[in-house]
Every structure is written in structure tokens, then in C-alpha cells.
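> Between the sequences and the hints, there should be enough to build the whole structure, so can you do that?
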Amino acid sequence: MTSITPQRSRTPSGAAYWEAGRGEPLVLIHGVGLRLEAWLPQIAALRQSHRVIALDMPGHGESAPIAPGAALPAFVAWLGRVLDEIGLDRINLAGHSMGALISGGAAATFGDRIARVALVNGVYRRDADARAAVLARARLIAAEGVDVDGPLQRWFGDDPAAAEARRQTRGWLAGVDPAAYATAYGAFAAGDAVYADAWPRVACPALFLTGREDPNSTPAMAEAMAAAAPRGAAVIIPGHRHMVTLTAPDIVNAVLADWLKR
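Residue 49 in numbering that gives the first Met the number 0 sits at position 50 of the sequence shown; the count goes up by one each step and never skips.
It is worth saying that the hints were derived from the structure and are not from the lab. Some clues are possibly wrong.
[Unchecked claim] What follows is a list of derived Cβ distance ranges for each label pair:
hint	residue 1	residue 2	range
1	ALA202	ALA256	16 to 24 Å
2	ILE250	ALA129	22 to 30 Å
3	GLU163	GLN47	21 to 29 Å
4	GLY68	ALA173	31 to 39 Å
5	ALA178	ALA135	17 to 25 Å
[Said to hold, decoys possible] Here are the simulated lysine to any residue pairs, SDA-like style, with alpha carbons at most 20 Å apart:
hint	residue 1	residue 2
6	LYS260	PRO204
7	LYS260	SER48
8	LYS260	ALA114
9	LYS260	ASP249
10	LYS260	GLY22
11	LYS260	ASP148
12	LYS260	PRO64
13	LYS260	CYS203
14	LYS260	ALA43
15	LYS260	ASP111
16	LYS260	SER8
17	LYS260	PRO248
18	LYS260	GLY13
19	LYS260	ARG230
20	LYS260	ARG46
21	LYS260	THR4
22	LYS260	ARG50
23	LYS260	ALA225
24	LYS260	ALA66
25	LYS260	GLU23
26	LYS260	PRO229
27	LYS260	ALA232
28	LYS260	ALA233
29	LYS260	VAL147
30	LYS260	HIS49
31	LYS260	ILE250
32	LYS260	TYR180
Just so it is clear, CB atoms sit at the ideal spot from N, CA and C, and this is done for glycine as well.
Okay, here's the thing in C-alpha cells:
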């Protein structure tokens with residue numbers, strides 16, 4: 000893990016972000032329950048070549064919340080407002096998990112504003128069993144609050160090499176606002192098919208990266224999205240699950256650097 004300490008700025012609407020480096024803009028969006036620090040290994044590497052802007056998702060980190068019960072399109076609209084407020088026109092965009100769904104929605108609706116898009120551990124058209132399970136978790140979270148142990152088990156398993164990443168992630172999950180978490184998780188649970196039909200119309204270079212052992216953002220999903228996008232490419236990292244940005248940072252950084260040259 001890197002020792003960088005982000006110094007956040009805020010947009011007029013209350014979105015918190017941190018930027019580092021110079022060059023083409025690269026915007027990063029994390030997943031449910033996390034915060035922009037989940038991208039620190041990527042920021043440390045990619046700020047050498049790009050202006051990296053990492054966002055706290057609504058109600059996460061230090062960002063103001065979105066309306067309770069907001070669906071995925073509202074999160075995509077939030078991103079558009081944030082880009083306007085920061086003054087970002089044409090960007091490279093990468094998202095992890097829920098951030099991947101937001102990034103996919105932006106690629107589907109923002110047109111040429113998105114120069115490249117990368118979905119890291121993104122979900123796509125869950126099967127019936129997976130959809131039922133994630134919707135059940137969303138209902139439970141809305142009723143009972145944040146579940147810390149369940150995500151950690153799905154995201155990391157028992158890999159001792161991921162102990163530090165697991166410890167850091169536990170802290171983020173334990174500190175997230177429960178209402179904001181419930182809203183974001185609800186949008187995530189129902190969002191896997193919202194923009195799924197748009198990939199054939201996304202003309203920019205599109206990267207789909209996941210861990211081979213990720214039980215929810217599966218290799219098959221990444222490969223299906225890559226096949227649907229005209230300039231899509233799938234990268235599967237063996238031996239890793241959902242938090243590849245933290246557990247396989249060198250590989251992820253190299254893949255992202257290559258994508259940014261496409």
C-alpha cells in the first residue's frame with residue numbers, strides 16, 4: 000500500500016475529489032462501501048503520465064450523499080455534474096465495481112466526452128441466481144445496515160497475501176454511512192442490465208478487467224462486454240478476486256497504462 004495522503008477538494012455540489020499529476024485527465028470511481036483511497040496504487044503510478052482525478056462516490060469518503068433510493072442513472076448524472084464542476088471536458092474514465100457500472104453508463108450516454116473507458120471488476124447481465132442473491136443482499140442492507148464480513152469474504156477469500164488490503168478495506172466498510180451504502184448498493188444490485196445493450200455503440204477503447212476467482216464480477220462477464228464493444232478488450236488476472244486494484248496493483252497498473260496508450 001502506498002503512503003500517499005490525499006488532500007481532497009470539493010465541487011460546489013459537495014463532491015469530494017483528489018487530483019495528482021499532469022497530462023490527459025483520468026477519472027477514477029471506486030465501488031460501494033469504499034473511498035477514493037482504494038485507487039492509491041493506481042494514482043501513485045499513473046500520475047506520472049496523466050492528470051488523475053479520483054472521486055469519492057456520493058455519501059462515501061467526504062462526498063455529499065445522493066437522494067435516498069437513487070438508481071444507477073442518477074449516479075451517472077451525478078458524474079456528469081461533477082465533471083462540469085471540475086471543468087473536465089474529454090476524459091479517460093475507469094471505475095471499479097459500482098464505479099464500473101457508473102463508468103459504463105457514462106460511456107453509453109456521454110458520447111465523445113469519454114475518450115477511453117475501463118471497467119474493473121464490472122458486472123454485466125447477472126444470471127437469475129446471482130441477481131436474486133444480490134437483490135436479497137440489497138434488501139437486507141436496507142433493513143439491517145452495512146455488512147462488513149460478507150463483502151470481505153467474497154472479495155478476498157482467505158488469501159494471506161491480501162491481509163493488508165483486507166484490513167484497509169474492512170476499515171472503509173466499517174466507516175461508511177449506512178444510508179449512503181444502502182442507496183449505492185441498491186443501485187448496484189439493480190444496475191447490471193441498465194446500460195448493457197449500449198456496448199455495441201461505444202466506439203472508444205473499452206477495457207474489461209477482473210480477477211479469475213471473482214465470483215460476482217466474473218471473467219465471463221468481462222469477456223461478454225469486450226465481445227460486444229467494437230474496441231473492447233478483456234483482461235483476466237489469475238489468482239485474484241474482486242479487489243484487484245489492491246491485491247494485484249502492479250498488474251492492474253500495467254494494464255491500465257497500456258489501455259491509456261490505445
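> Can you give the numbers of the hints that this structure goes against, from lowest to highest?
Of the numbered hints given earlier, those the structure breaks are 4, 11, 12, 16, 18, 21, 24, 29, 32, listed in rising order.
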